[in-house]
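Visitor: One letter stands for each residue in the lines below.
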Amino acid sequence: MIDNSLWPLMILASSLIPALLIFFIAEDNKFLRSAVNIGGALIKLMLVVLLVLGIYSGEVYQISWQLMPGLAFSLRIDGLAVMFLLLSAFLWLLTTIYAIGYLENSPNRARFFGFFTLCVSATAGVAMAGNLFTFVIFYELLTLATWPLVVHRGTEKAIAAGRVYLRYTLIGGGALLLGTVLLHAFAGSPDFMPGGYLADLSLPSWVLWSVFILLIAGLGVKAALVPFHSWLPQAMVAPAPVSALLHAVAVVKAGAFGIVRVMFEVYGIEYADAQGMAYVLLILAALTIVYGSVRALYQTDIKKRLAFSTVSQVSYVALGIALAGPMGAIGGLLHIAHQGLMKITLFMTAGNYAETLGIHKIDELNGVGRRMPWNSFAFTLAALGMIGLPPMVGFLSKWYLGIGAWEVGAYWVMAVLFLSSLLNAGYFLPLIYRAWFLPTPTHWPNERRLSRHCETHWMLLLPPLVTALTVVVLGLVAGFALTTLGWVQWLVEQEFVG
Amino acid sequence: MSGLLPGLVLWPLACASLLVIWPKATKMLALFAVLGTAMISILVFNLPHGRWALGGWAAPLGIGWRLDDLSQLMILLTGVVGLLISLYAWFDDSLPRPFWLLWLGAWAAMNALYLAADVFNIYVTLELLGLSAVALVAISLKVGALQAAMRYLLVSLLGSMLFLLGVALLYGQFGVLDMLLLANAMTSNFSMMFALVVMSVGLMAKTAVFPLHSWLPLAHGRAPAAVSAILSALVIKASFYLLIRLWLEVFAPIPTEVLVQSLWVLGSLALLWGAWQALASANLKPMVAWSTVAQVGYLVIGLGLVAHPNTPDGWLWGLLWLMLAHALAKSAMFLAAGNLQQAAGHDRLVELGEVSRRQPKTLFAFGLAGVSLAGLPVSAGFLAKWWLLELGLWHQAWWLVLVLVLGSLLTVGYVFRVLNIALNTEFKSNVEPEALILIHPVREWVSLGLALLGLVAGLHASWLWGA
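Those protein sequence lines, which keep their order, are chains A and B.
What the first sequence shows, in numbering that gives the first Met the number 0, is residues 0 to 497, in sequence order.
What the second sequence shows, in numbering that gives the first Met the number 0, is residues 0 to 466, in sequence order.
Note that these hints are calculated values from the structure, not bench results.
All C-beta atoms, glycine included, are put in the ideal place defined by N, C-alpha and C.
Take the hints with a grain of salt, since some may be wrong.
[Claimed, not checked] Result set (DSS-like, lysine-lysine): computed pairs, CA atoms no more than 27 Å apart in a straight line:
{"id": "1", "chain 1": "A", "residue 1": "Lys156", "chain 2": "B", "residue 2": "Lys360"}
{"id": "2", "chain 1": "A", "residue 1": "Lys360", "chain 2": "A", "residue 2": "Lys29"}
{"id": "3", "chain 1": "A", "residue 1": "Lys303", "chain 2": "A", "residue 2": "Lys360"}
{"id": "4", "chain 1": "A", "residue 1": "Lys29", "chain 2": "B", "residue 2": "Lys141"}
{"id": "5", "chain 1": "B", "residue 1": "Lys26", "chain 2": "B", "residue 2": "Lys141"}
{"id": "6", "chain 1": "A", "residue 1": "Lys156", "chain 2": "A", "residue 2": "Lys303"}
[Said to hold, decoys possible] Far from chain A by the CB rule (all over 10 Å, computed), these chain B residues:
{"id": "7", "residue": "Glu126"}
{"id": "8", "residue": "Gly317"}
{"id": "9", "residue": "Phe363"}
The shape of chain A in the complex, shown without the other chains:
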């Protein structure tokens, strides 16, 4: 058997090495590039599945080495990490297939797929970071690796969006770095620890607060918390696979995941609650949820509406954590995975409408269900899930968030959740209605024949169908141990009991 300490490195290498190879594969050698890409993704998924079983049976995977005096680069895989790893590895495989179909015959594919795969490494690093210092490294690396993807098209608009993206994320990264250095100066840089490590140190209150503000501002930029969110809708000029990636797995989730780590394993949720930090985060998250939904309501562009929906939905994670109770935590953690599955389906299907029929605006969706039934079917399932209808997974997250709010007596949060669901319905149902119930127009804005047998290229259709299926199946089998719900319950038990 392989030494347990090598597993984190293998996970990193399974996408880092393909990324480096892809940079040097000739532009027109499509077959080799796709093989390296998909091969790497498959190996990674296999490794992660093995890890899930290992973690479940109590194995410990970690490795660390000193980079500087008192500062260790540390990788560790725990239950939370493996959930994020599994999500990213699974969605990555599908997005890669999708991206290969999407970018067929377009220029600069070596660069695109190189950075695309580098992002997976960075995301895996974010998941496996064993302390705040290591987290910062991968968090920034993620920024750098996604920037070339945002500006990929090279148009003035893309470059401008990239500039905004960099401005936000790098200033956020600077805040995160400052907070981390400050914390390091006062508390050292211990590994993330269930229950947090700051409670026993009794640091002065101004340190606790300034570190908290710096960290949450830094993480909030990527997690698109209001008022740090406006880069996200602008980044929509990126190709659809990139949007799927930014919104579902990599960037916004890295921010949300960081908030989870900081609240649970640096401050400790009880300590953060006692100091009043959890409440600040709660208000911030609730504001973001309502604001994002309201803005989404007014968008006429499909991708823009989805983008503001992301702003709103990702904050469910922070909201659940900030409730500072076990049920809320379950809801928040569940949403890391669930929002990813649903949002990636929505973005891929929206991309398919655009690629196949040239549909970008909402009022162009009329009758599209008859022209692209499978694609519309996947879109509908995911949208209904977002609204929170059972048996889709979105229901589970909202259910637990609601109970979590009840449990800690934050009744106004229940009102926020209810309002948000109404708004979700308000901006998703018209799309579904148009797609299925309105008559088909005489011609589409820009129709292209991508396949002789299917409604669109199979590489574009298969990935959203698979994720849509997961959205339903995970909701149906929620009672079993190795589903998202079972896993998250197990995690929260460790956090609140252990």
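Dock chain B against the given chain A, drawing on the hints supplied.
Guide: Showing chain B alone in chain A's frame:
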């Protein structure tokens, strides 16, 4: 093994003399010289520390050499970076022949400077280095280059004179020149503080510390790429190395809080002004040169932080790390800039899109080097900037911490300006793609290699502080 040491100086000098006698074999001899010197530099890294009197003459009279962690590191750094820059220069046919003669002279002078144990020998080697560096700037014999070289020559001479004045003061006070003896005898009084200030001003002029920097953007901007890389990555490090020796060793009891904080202020001004000028620059090479002015600011701040009377021992390694990170990143960046400039025939920023898309490796090298300069992970620069932030926080110098972060963001600004232009497909330059000149692939690989070295080094700093 210590018999290797003279080789560090004599081998490049011997090859350089042969070059003069036998100019037709320039490239062959250059190859021997470079490989030999680099090999010795690497071997010297593992030698035990010690002191030697050259030719058997004892300390007060003869030339004393010594080897310690600091000098070993500088020799190694010069060896590795020098080797890679030489490789680049070897494949650059536009460089005139005297380049090799002057470069080998500068290399020998730097090695001798790092080995010298007394302040007078340092003065001599400093002069040799200054003269070869000035000649390197003038090597293209273009009018602009000659002007820049003339200004550099004056600043360099002034700097050496001030240094010599300090040497005289030291000798008058203690009657010895050996740095260790001086350090042991050092007492804090006004004339010694004056000596420190005078010598520092001289060395700062040579290092292009703000506000004595104005010669640098001209000199580094107008020289050929390989020369700019040598000057920015290595030559200014030599005078900065002496600042470290003076502040932390020879004059160790002298630096007061005020002196140290003036270093912080100078460094901060350099950082902001240099980065601002780089952002405003319309041409690529002056931009990279202004970035050197800014980065020197980081070095000066670092020196001020370590030299602060309250700073405990054991922080020096970060300053060395900063030098190493800068040397790797800046040489990679200048070489990359040179590739773009030669291929396009100009270095006007907004028109470089086409050529940089045709040299993805060069562009990648530029980006990676920029990431290291800005202090973003994963890179050697990241650890260096972390070290600066940590020490700044340790001194509770909040404004300094803010300046450091701001400087990083400005750095990102000018690095990504270049990348933006490269990735922008809508801007069409009026240069036909066919007019672009082909660059030897080795030159692309060298700049990428240096940038990657800066990245890999960032993963493992412990060999430096563990030593």
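Visitor: Keeping to a limit of 27 Å between CA atoms, is the pair of Lys360 of chain A and Lys29 of chain A held or broken?
Guide: Violated: Lys360 of chain A and Lys29 of chain A sit about 32 Å apart, past 27 Å.
Visitor: Determine whether the non-interface label on Gly317 of chain B survives the test: each CB of chain A must be over 10 Å from its CB.
Guide: The claim breaks: Gly317 of chain B does not keep its Cβ more than 10 Å from every Cβ of chain A (closest is about 8 Å).
Visitor: Would the hint linking Lys303 of chain A and Lys360 of chain A be met if the CA-CA limit is 27 Å?
Guide: 9 Å, holds
Visitor: Would Phe363 of chain B pass as off the interface with chain A, using Cβ distances and a cut of 10 Å?
Guide: It is violated; Phe363 of chain B is separated from chain A by about 8 Å at its closest Cβ, not greater than 10 Å.
Visitor: Holds or violated: are the alpha carbons of Lys156 of chain A and Lys303 of chain A at most 27 Å from each other?
Guide: 15 Å, holds
Visitor: Minimum Cβ separation between Glu126 of chain B and chain A greater than 10 Å?
Guide: About 38 Å separates Glu126 of chain B from the closest Cβ of chain A, which puts it past 10 Å; holds.
Visitor: Lys156 of chain A and Lys360 of chain B: Cα distance at most 27 Å?
Guide: 25 Å, holds
Visitor: Is the straight-line distance between the alpha-carbon of Lys29 of chain A and that of Lys141 of chain B 27 Å or less?
Guide: 48 Å, violated
Visitor: Run the distance test for Lys26 of chain B versus Lys141 of chain B: straight-line Cα separation, threshold 27 Å.
Guide: With a Cα-Cα distance of about 23 Å, the restraint between Lys26 of chain B and Lys141 of chain B holds, given a limit of 27 Å.
The structure fails to meet hints 2, 4, 8, 9 from the earlier list, while all remaining hints are met.
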